[in-house]
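Those protein sequence lines, which keep their order, are chains B and W. 167 is the number that our numbering gives to position 167 of the first sequence; each next residue is one higher, with no gaps. 1167 is the number that our numbering gives to position 167 of the second sequence; each next residue is one higher, with no gaps.
The set of hints was computed from the structure by calculation and includes no laboratory data. Even for Gly, the Cβ is constructed at its ideal location relative to N, Cα and C. One or more of the hints may lead you astray.
[Unchecked claim] Partial list, derived from the structure: chain B residues whose beta carbon lies under 10 Å from chain W:
hint, residue
1, Y30
2, S75
3, I85
4, N94
5, L96
6, P98
7, A112
8, H114
9, M117
10, G120
11, Q124
12, R129
13, A133
14, F158
[As the list claims (entries may be wrong)] To give an idea of the chain W side of the interface with chain B (calculated C-beta under 7 Å), a few residues:
hint, residue
15, A1084
16, N1088
17, H1098
18, C1103
19, E1137
20, D1142
21, C1148
22, P1171
23, T1173
24, M1174
25, L1175
26, Y1177
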Amino acid sequence: MSQSILIDGIEVPFKSNQTIMDAALAANIYIPHLCHNPCIKPHGSCKLCTVEVNGHTTSSCTTKAEDGQKVINNSEKLNKARLTITQMLFIEGNHLCPTCEKTGNCTLQAVAYHLGMLDGHFPQFYPKREVDASHPSIMLDRDRCILCELCVRASREFDKKDVFAIAGRGDNAHLIVNSPSGKLRDSDIEQNDLAAHICPVGAILIKERGYEIPIGCRTFDLRSVTEIDLGDVKLSEKSSHHE
Amino acid sequence: MSKLRVATTSLAGCFGCHMSFLDIDERIIELLDHVEFNRSPLTDIKHCDPCDIGLIEGGLCNIDNVHVLKEFRASCKILIAVGACAINGGVPAMRNHHPLSECLAESYLNGIGVENPQIPDDVEVPLLLNKVHPVHEVVKIDYYLPGCPPPADAFMKVLGDLIEGREPLLPRTMLRYD
Ligand code: SF4
Ligand code: SF4
Ligand code: FES
């Protein structure tokens, strides 16, 4: 028997074990998200994907779809909360987009555009965070890290290496590197690892590729996060089809 | 209809926002049917009369920036933070990673090619703030116009909306942070 949920009144089918996020992506419905990537186990930390399910708020990337659920996604109230979360992510780090190689390819920036963010609203933290440029081909600029743990999970689940972890709490939470010196140079990371490419922001960058694509011609300069994200799903569906 | 009075200033910015504004080119003639410029680098008027709109480029890096910003807030009905530096400190805020004394030493004492090293202390030189700050941390800001710099069309859109008595609204295509 086919099962379905209602997202903003639209009937969306799902398979058992799918989350609300999985079902939404498969149905071409965009739920804003930052710490979720369909290739990696969900983590539920950024809270951007918060939806209302039968009147309760929950992270759609970690909540299993259940037959008959009524999900509210694209409401003014939820988008306002998502905007506030996004503003906090900006002010807690050092996000000076004009100086950042990721600009135009950055999911945080694209989500902020999607939510119509004009300013950071809160006072800037300007935290002091360590840059690790020790590796010959991979750069780690913690100023822009949003602690989404995508690199942590990609390294553990995909690359089978455990290069990254988050240490510390609250204001002190920061990305650490698993190596005797704590530097990337002495870790197991390699340029072709998924962990070196999955960062949604400009915290992990491949060296010597700077400005290969001019600003103005980059991913989110040309298309919105909604289009890119749903397009990605279609691509991954295609590849699993060919397997 | 009487013209809207507009003041503009560049605080800790690079004048790029003003240059981008001037990229409206000949549309400035049409704009001048609806607005008149008051205190601004474009007019060289040194202090604000009561104004309808104030455009603030740049964040706050010294005490003079704070005085000018407060004059703008006191004189302008609507204050708009223009560009990345006004909104989050921008490039000048990159110095916030370093103690002010180190920045001064690097520029005036130990920097490459510095001759007769000395830190400027003339009374005419405004004292630097310890950190660079965005303008909304000091005064209330009514609207934000992001971009580094915001495109000329975005200036036209926001001013056009205000001239026609509408709430300014940037279309997605004009919303950029870089
Ligand atoms: S990581 Fe993204 S949001 Fe942060 S500075 Fe770079 S482009 Fe901007
Ligand atoms: S470095 Fe990038 S991928 Fe890793 S936790 Fe930070 S933001 Fe996420
Ligand atoms: S995407 Fe679901 S909590 Fe981050």
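Next on the checklist: Which constraints among the numbered hints does this structure fail? Numbers only, ascending.
Outcome noted: Those not satisfied are hints 1, 2, 3, 13, 14, 17, 18, 20, 22, 23, 24.
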